[in-house]
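Here the protein sequences come in this chain order: A and B. According to the numbering used here, the first sequence holds residues -6 to 140 in order. According to the numbering used here, the second sequence holds residues 96 to 256 in order.
Think of the hints as simulated: they come from the structure by calculation, not from any bench. Mixed in with the good hints, there may be bad ones.
[As the list claims (entries may be wrong)] Over the 12 Å line for every Cβ pair with chain A, so calculated as not near, a few chain B residues: (1) Q99; (2) M145; (3) Q149; (4) Y153; (5) N163; (6) R165; (7) E250.
[Claimed, not checked] Covered by chain A, per the in silico footprint, the following chain B stretches (three or more residues, Cβ under 8 Å): (8) 104 to 112; (9) 125 to 136; (10) 208 to 217.
[Stated by the list, open to error] DMTMM-like, lysine to aspartate or glutamate: derived pairs with alpha carbons at most 20 Å apart: (11) K41(A) to D194(B); (12) K110(B) to D(-3)(A); (13) K(-5)(A) to E146(B); (14) K222(B) to E146(B); (15) K41(A) to E4(A).
Cβ coordinates follow ideal geometry from the N, Cα and C atoms, glycine included.
Here are the chains, one letter per residue:
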Amino acid sequence: MKCDREQQVIEATRNGLWTSSLRDHLRHCALCTQTELIAASLRGDAVKAERLLDLPPAGMVWRRAQATRRERAVQRAARRPFLIVGALGIVYSVVFLLWGIFQIPQSVYRVFIAPPGLTEHVAITGVVLSAILAIAGSCVLVLETKR
Amino acid sequence: MDEQTFHAIYAGTAKPLWAYIARLSGRPDVANDLVQETYCRFLTAQLRNMELAQAKPYLFRIATNLLNDRWRKGEDVTWSEPEEIGCERDLDMQIDVRDLMQQLKPRERQLLWLAYVEGMTHSEIAKSTGLHSMSIRILLFRARQRAAELLRQKERALHEV
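Given these sequences and hints, build the entire structure.
The following block contains the structure:
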């Protein structure tokens, strides 16, 4: 169901310019009467709502948007270096861990066999721990940067 | 977009946009925040210079999406009474429309407001809401039927009193 003059009724409700033919049409068209009832109610409310306004000046909104735009540009620019640093961190940690394992294989075995308290034991545990932490840190860095 | 063009667009759209968000969410404080966020997104989208007629549906689309996000998260479930400062109160009218908006579904509120307050055509409403333009007619018709029924109920109740 649609009336061709509905848009005219809405416009007339908005600007208050009712022609006599439109008024006459309104008396005979149930759809347009319904439209006028709702449009007038909502329009009256909109006028009231606009009186409650406390909007900031356009200049302030403009400056805020410019600041946001710059902030996002910096974030975008910083993303790639962070990704590269994270990836290099992972490569470095893996190489360092492999080097540590193959460089002193006997000491590694001794960690698990010999009693604790040896200097080698402490050093190797430190190497392994730092490599694990470096790998974990790099992974977190890469994931955060990707997000 | 240059600053002068933005000032013209802001002057022509800020008030209706605020009223739209305020009446759809029922919260003027939310409207204040979302209007600023809408313009921020509009400007950071790095659009070329736009005419007011092109910018308006685009701005309403951003605001509609922001409102939909809030509703999806379950925010703005309760309405807060806006304070009428420095203006006379027409209590019957105010209660009617506020009651009406509260009883309608969010989608119905959006369609009715855009069609009857903003005077948008069906294609403009489609642009502003993201709905298909073919479905606007039927959705708007249903929303109008429901709104008219609610208004009639209110009128009957007033007559009976």
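Now the hints, each set against the structure:
1. Q99: violated, 10 Å
2. M145: holds, 15 Å
3. Q149: Correct as stated: the minimum Cβ-Cβ distance to chain A is 18 Å, above 12 Å.
4. Y153: holds, 15 Å
5. N163: Its Cβ never comes within 12 Å of chain A, the nearest being 20 Å, so this holds.
6. R165: holds, 18 Å
7. E250: Contrary to the label, E250(B) does not stay out of reach of chain A, its closest Cβ about 9 Å off (not over 12 Å).
8. 104 to 112: holds (count 5)
9. 125 to 136: As far as the region 125 to 136 of chain B goes, the hint holds, because 5 residues have Cβ atoms under 8 Å from chain A.
10. 208 to 217: That given contact holds, which follows from 6 residues of the region 208 to 217 of chain B lying within Cβ reach (below 8 Å) of chain A.
11. K41(A) to D194(B): holds, 15 Å
12. K110(B) to D(-3)(A): Distance of about 29 Å is beyond 20 Å: violated.
13. K(-5)(A) to E146(B): violated, 31 Å
14. K222(B) to E146(B): Given pair K222(B), E146(B) holds - Cα atoms ~15 Å apart, limit 20 Å.
15. K41(A) to E4(A): Holds, because 19 Å separates the two Cα atoms, which is no more than 20 Å.
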